[in-house]
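Novice: We have chain A; now place chain B onto it with these hints.
Sequence lines, in order, name chains A and B.
Per the numbering used here, the first sequence starts with residue 5, numbered consecutively.
Per the numbering used here, the second sequence starts with residue 5, numbered consecutively.
If you are wondering where the hints come from, they were derived from the structure by calculation, not from laboratory data.
We put the CB at the ideal spot given by N, CA and C, even for glycine.
Hints may contain errors.
One-sided and incomplete, this derived list gives chain B residues near chain A with beta-carbon spacing under 8 Å [said to hold, decoys possible]:
#1 Ile244
#2 Gln292
#3 Leu295
Computed cross-link-like contacts, DMTMM-like style, restricted to lysine to aspartate or glutamate with a CA-CA straight-line distance of at most 25 Å [stated by the list, open to error]:
#4 B:Lys192 to A:Asp225
#5 B:Lys192 to A:Glu327
#6 B:Lys13 to A:Glu214
#7 B:Lys13 to A:Glu327
#8 A:Lys316 to A:Asp237
#9 B:Lys192 to A:Asp334
#10 A:Lys13 to B:Glu214
#11 A:Lys192 to B:Asp334
#12 A:Lys316 to A:Asp279
#13 A:Lys192 to B:Asp225
#14 B:Lys13 to A:Asp237
#15 A:Lys13 to B:Glu305
#16 A:Lys13 to B:Asp326
#17 A:Lys13 to B:Glu311
#18 A:Lys168 to B:Glu357
#19 B:Lys13 to A:Asp352
#20 A:Lys192 to B:Glu189
#21 B:Lys316 to B:Glu327
#22 B:Lys13 to A:Asp326
#23 B:Lys13 to A:Asp334
#24 A:Lys192 to B:Glu327
#25 B:Lys13 to A:Glu311
#26 A:Lys13 to B:Glu189
#27 B:Lys168 to A:Glu357
#28 B:Lys13 to A:Glu305
Number of protein chains: 2
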Amino acid sequence: MAELAARAKAAARVLSTADTETKNHALLLAAGQLEQDRDDLLDANRADVDAAIASGMSATLVDRLRLTDSRLAGMAGGLRKVAGLADPVGEIAEGWVVPSGLRISRVRVPLGVVAIVYESRPNVTSDAAGLCLKSGNAAFLRGSSSALASNLAIAAAMRDAYEKAGLPGDALVLVSDTSHAAAAEFMKLRGSIDCLIPRGGPGLIASILENATVPYVIDGDGNCHVYVDASADLDTARRIVVNAKTQRPSVCNAAESLVVHRSVAAQLLPPLAGDLADVELVGDEAAQAILGPDRIGKATESDYSTEYLELKMSVKVVDSLDEAIAHVNDTGSGHSEAIVTSDLNAADRFCAEVDAAAVLVNASTRFVDGEEFGFGAEIGISTQKLHARGPMGLRQLTTTKYVVRGEGQVRGEGIC
Amino acid sequence: MAELAARAKAAARVLSTADTETKNHALLLAAGQLEQDRDDLLDANRADVDAAIASGMSATLVDRLRLTDSRLAGMAGGLRKVAGLADPVGEIAEGWVVPSGLRISRVRVPLGVVAIVYESRPNVTSDAAGLCLKSGNAAFLRGSSSALASNLAIAAAMRDAYEKAGLPGDALVLVSDTSHAAAAEFMKLRGSIDCLIPRGGPGLIASILENATVPYVIDGDGNCHVYVDASADLDTARRIVVNAKTQRPSVCNAAESLVVHRSVAAQLLPPLAGDLADVELVGDEAAQAILGPDRIGKATESDYSTEYLELKMSVKVVDSLDEAIAHVNDTGSGHSEAIVTSDLNAADRFCAEVDAAAVLVNASTRFVDGEEFGFGAEIGISTQKLHARGPMGLRQLTTTKYVVRGEGQVRGEGIC
Numbered sequence: 005m006a007e008l009a010a011r012a013k014a015a016a017r018v019l020s021t022a023d024t025e026t027k028n029h030a031l032l033l034a035a036g037q038l039e040q041d042r043d044d045l046l047d048a049n050r051a052d053v054d055a056a057i058a059s060g061m062s063a064t065l066v067d068r069l070r071l072t073d074s075r076l077a078g079m080a081g082g083l084r085k086v087a088g089l090a091d092p093v094g095e096i097a098e099g100w101v102v103p104s105g106l107r108i109s110r111v112r113v114p115l116g117v118v119a120i121v122y123e124s125r126p127n128v129t130s131d132a133a134g135l136c137l138k139s140g141n142a143a144f145l146r147g148s149s150s151a152l153a154s155n156l157a158i159a160a161a162m163r164d165a166y167e168k169a170g171l172p173g174d175a176l177v178l179v180s181d182t183s184h185a186a187a188a189e190f191m192k193l194r195g196s197i198d199c200l201i202p203r204g205g206p207g208l209i210a211s212i213l214e215n216a217t218v219p220y221v222i223d224g225d226g227n228c229h230v231y232v233d234a235s236a237d238l239d240t241a242r243r244i245v246v247n248a249k250t251q252r253p254s255v256c257n258a259a260e261s262l263v264v265h266r267s268v269a270a271q272l273l274p275p276l277a278g279d280l281a282d283v284e285l286v287g288d289e290a291a292q293a294i295l296g297p298d299r300i301g302k303a304t305e306s307d308y309s310t311e312y313l314e315l316k317m318s319v320k321v322v323d324s325l326d327e328a329i330a331h332v333n334d335t336g337s338g339h340s341e342a343i344v345t346s347d348l349n350a351a352d353r354f355c356a357e358v359d360a361a362a363v364l365v366n367a368s369t370r371f372v373d374g375e376e377f378g379f380g381a382e383i384g385i386s387t388q389k390l391h392a393r394g395p396m397g398l399r400q401l402t403t404t405k406y407v408v409r410g411e412g413q414v415r416g417e418g419i420c
Numbered sequence: 005m006a007e008l009a010a011r012a013k014a015a016a017r018v019l020s021t022a023d024t025e026t027k028n029h030a031l032l033l034a035a036g037q038l039e040q041d042r043d044d045l046l047d048a049n050r051a052d053v054d055a056a057i058a059s060g061m062s063a064t065l066v067d068r069l070r071l072t073d074s075r076l077a078g079m080a081g082g083l084r085k086v087a088g089l090a091d092p093v094g095e096i097a098e099g100w101v102v103p104s105g106l107r108i109s110r111v112r113v114p115l116g117v118v119a120i121v122y123e124s125r126p127n128v129t130s131d132a133a134g135l136c137l138k139s140g141n142a143a144f145l146r147g148s149s150s151a152l153a154s155n156l157a158i159a160a161a162m163r164d165a166y167e168k169a170g171l172p173g174d175a176l177v178l179v180s181d182t183s184h185a186a187a188a189e190f191m192k193l194r195g196s197i198d199c200l201i202p203r204g205g206p207g208l209i210a211s212i213l214e215n216a217t218v219p220y221v222i223d224g225d226g227n228c229h230v231y232v233d234a235s236a237d238l239d240t241a242r243r244i245v246v247n248a249k250t251q252r253p254s255v256c257n258a259a260e261s262l263v264v265h266r267s268v269a270a271q272l273l274p275p276l277a278g279d280l281a282d283v284e285l286v287g288d289e290a291a292q293a294i295l296g297p298d299r300i301g302k303a304t305e306s307d308y309s310t311e312y313l314e315l316k317m318s319v320k321v322v323d324s325l326d327e328a329i330a331h332v333n334d335t336g337s338g339h340s341e342a343i344v345t346s347d348l349n350a351a352d353r354f355c356a357e358v359d360a361a362a363v364l365v366n367a368s369t370r371f372v373d374g375e376e377f378g379f380g381a382e383i384g385i386s387t388q389k390l391h392a393r394g395p396m397g398l399r400q401l402t403t404t405k406y407v408v409r410g411e412g413q414v415r416g417e418g419i420c
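Chain A extracted, bound-state conformation (with noise of 0.2 Å):
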């Protein structure tokens, strides 16, 4: 493992002052190669897949692992779209004059290893490999071993094309040894890895936060809450709570909470319910009493701490600002939360006081991605509050580093 890192950070070293035009070549030849390589990555991924459905994986999971011609044509479009993509490394973050004449710019540069350990989806590889590359970092990939026959090919085509592009190979390393033991060794490489980036479950975020010793970027839960102020535009509030629940709600952006005030629970709740017909309910009493216990079950108090990634809703009704900002805060998971309202007042409120990634007002939390806040890709959604919160493109994967120019400058006396 220690060589692999290794590997990883010599390259990193040659990445990091790659120009824009021969990142962007690679990426496209890596493109090139995995279409041209499409036969032998869709018999590797057979074999993953076989392997799968022999050892009883369930058919969602199957699914999620299994290449087709149109995924990969999504793998190889992904990396063309990140060649195109603005390079973050060299820009000038801030620039400015201090009195002893220094001139001070903080320039990003890149991170220099950025590990990344995520479960079964093949496409992983790619994409993150190649945000990576556009970004001046080397990839460590770990992924599932469910999928390592799949992402071994994935990653022999893209490092023959940066060879061929005059970068390093190991512009992108993937451990090949999927056991418990590698993983545990894999997040204590601390001096070799700058950033550990997982993409997982609960319990590979769990794991990484009690063992890790190298920095990590957690991209965490969703329990995202809108709430219907008493001013709000009822017709605006049932399309955005219809929106940010169903339209996709497996991800972590989408709802998982409705917060009503009581002034308008009784006239927005009846059709509400009915627009989220496919959508199981779950409230409190008010909420009950208003629909029916036909309509809405009861909840508890860790419905309102669940994210269901599925078709159920929990329903509070509040009686004020403050009740909702206190309940937002106290259930949420800080990843995003919306307000619908017309007072100019509420919306500033809510979003001073509620503590999350992204605060909305009168937009659906679906929007809080690398793509719709126009970052082109990204590798994730932070939900910490170090380097990164929020959706991660390009530059997320950028630290920056101060340049000082003088003239022959010497410290004079004075406080330390």
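Specialist: Structure of chain B alone, referenced to chain A:
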């Protein structure tokens, strides 16, 4: 411990929306209170100092522990200075409009609860607490057992002042259990501590890297180099090396190692060795051949990786810029690295290829701190790559939040 953390967290919610005027008022009252409570503070400190002397603490550490009238004045002055700095909270870091019509802004907000673990200097209590308050964070502090009486007295004075200003006293929570068990518990308060900043020696840092499960920012070692290039103006080089090594040898941005291009070594080293008469030198064979073994001892490999923090310096002669950059990257700690040169290409390559928080051209490494960078004050100098890298001022004690404003937008079908 959990109860203390909950109190800090509750205070952080209040502070997150406190206005600048109230925070400044609290800081000014706290400064006045420290002066007013002079006798109590000095009495408490005398108890700490007497106990430390009785326990056999070294004179240097006792000096760090001791409060005097002038140190108290410095603490009060520090708080007044922080009151005069710009408030980073609410600053819009960037903002744009996306095709869906949503208006997105990234707004600077407090981190929440900032924890600081620190060693014997009691002034850190007021310095750190003041920076946290101004940036809207609750300060959750754990000082050393040797300074406990002093720290409790300072905290009590500041908490009083905060309450008089209408802010929660729990904006400063000091942990009075200074046992090792309490320290271990402290650094695992995930969910309560938003950012931990250690201020202390290698033992403390190692313990945090090994045991902390809360997010942290490391204020790390500074094994800083000055590289004198073939094209350097040698008078400038001498002034910069002398300043970087000797102006304040005990701090992290002091230089520890001199790297010299072979073509100027014979001309530079003899007069420079004279300038550095008080500095013990160790070097490679080339440097020894020039200066003689009486003036310069033989450097071991470990010398080149050592942060001496005293009047000792390692010297290495290199054949090229490439060798200089590789040596700096291999042995440096990623803090501050300087080149002295008149060659534009050498300057640009050194800046691009050296991996450090700060790279300097023709200036002393001693300039890399929050004061000299114009931040007004600093809580430390980060040598990590995530969140903050380099000097940390008030802005580095914040995170950002996306505020998204719409007019009822919902997300259409399409990619994820």
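Novice: Does each hint hold? Answer for all of them.
Specialist: Outcome of the hint check:
About 6 Å separates the beta-carbon of B:Ile244 from the nearest beta-carbon of chain A, less than 8 Å, and the hint is met. The criterion of a C-beta within 8 Å of any C-beta in chain A is not met by B:Gln292, whose closest approach is roughly 27 Å, and the hint is violated. Checking B:Leu295 against chain A by beta carbon gives a least distance of about 23 Å; that is not within 8 Å, so the hint is violated. For a cut-off of 25 Å, the pair hint linking B:Lys192 to A:Asp225 stands: about 20 Å separates their Cα positions.
Proximity of B:Lys192 to A:Glu327 is assessed by CA-CA distance (about 30 Å); at most 25 Å being required, the pair is judged violated. Of the pairs offered as hints, the one joining B:Lys13 and A:Glu214 holds, with about 22 Å between alpha carbons and a cut-off of 25 Å not exceeded. Between B:Lys13 and A:Glu327, the direct Cα distance comes to roughly 18 Å. Compliance with the 25 Å bound is thereby established for this hinted pair. Between A:Lys316 and A:Asp237 the alpha-carbon distance is near 24 Å, which keeps this suggested pair within the 25 Å criterion.
Distance hint between B:Lys192 and A:Asp334 is fulfilled; the C-alpha atoms sit about 20 Å from each other, no more than 25 Å. Straight-line distance between C-alpha atoms of A:Lys13 and B:Glu214 comes to about 22 Å, which keeps the hinted pair within the 25 Å bound. Between A:Lys192 and B:Asp334 the CA atoms are separated by roughly 20 Å; this keeps the pair inside 25 Å, and the hint holds. At most 25 Å may separate the alpha-carbon atoms for a hinted pair to count; A:Lys316 and A:Asp279 meet this at roughly 13 Å.
With a C-alpha separation of about 20 Å, the suggested pairing of A:Lys192 with B:Asp225 holds against the 25 Å cut-off. Between B:Lys13 and A:Asp237 the CA atoms are separated by roughly 35 Å; this puts the pair beyond 25 Å, and the hint is violated. With a CA separation close to 21 Å, the supplied pair A:Lys13 and B:Glu305 stays within the 25 Å bound. Our distance criterion of 25 Å between C-alpha atoms is met by A:Lys13 and B:Asp326, whose separation comes to about 18 Å.
Using a Cα cut-off of 25 Å, the hinted pair A:Lys13 and B:Glu311 holds, with the two alpha carbons roughly 24 Å apart. A threshold of 25 Å between alpha carbons decides the hint, and for A:Lys168 with B:Glu357 the separation of about 24 Å falls inside it, so the pair holds. Distance hint between B:Lys13 and A:Asp352 is fulfilled; the C-alpha atoms sit about 22 Å from each other, no more than 25 Å. For the given pair, A:Lys192 sits about 21 Å from B:Glu189 by alpha-carbon distance, which is consistent with the 25 Å threshold.
A C-alpha spacing of about 23 Å is found between B:Lys316 and B:Glu327, which places the hinted pair at or below 25 Å, so the restraint holds. Distance hint between B:Lys13 and A:Asp326 is fulfilled; the C-alpha atoms sit about 18 Å from each other, no more than 25 Å. At most 25 Å may separate the alpha-carbon atoms for a hinted pair to count; B:Lys13 and A:Asp334 meet this at roughly 12 Å. With a C-alpha separation of about 30 Å, the suggested pairing of A:Lys192 with B:Glu327 is violated against the 25 Å cut-off.
Of the pairs offered as hints, the one joining B:Lys13 and A:Glu311 holds, with about 24 Å between alpha carbons and a cut-off of 25 Å not exceeded. Taken as a hint, the A:Lys13 and B:Glu189 pair is broken in the structure, with Cα atoms around 34 Å apart against an allowance of 25 Å. In summary, the hint linking B:Lys168 to A:Glu357 is supported, as the alpha carbons are separated by about 24 Å, within the 25 Å threshold. Restraint check: the Cα-Cα separation between B:Lys13 and A:Glu305 comes to about 21 Å, which is no more than 25 Å; the hinted pair holds.
Checked against the numbered hints given earlier, this structure breaks hints 2, 3, 5, 14, 24, 26; the rest are met.
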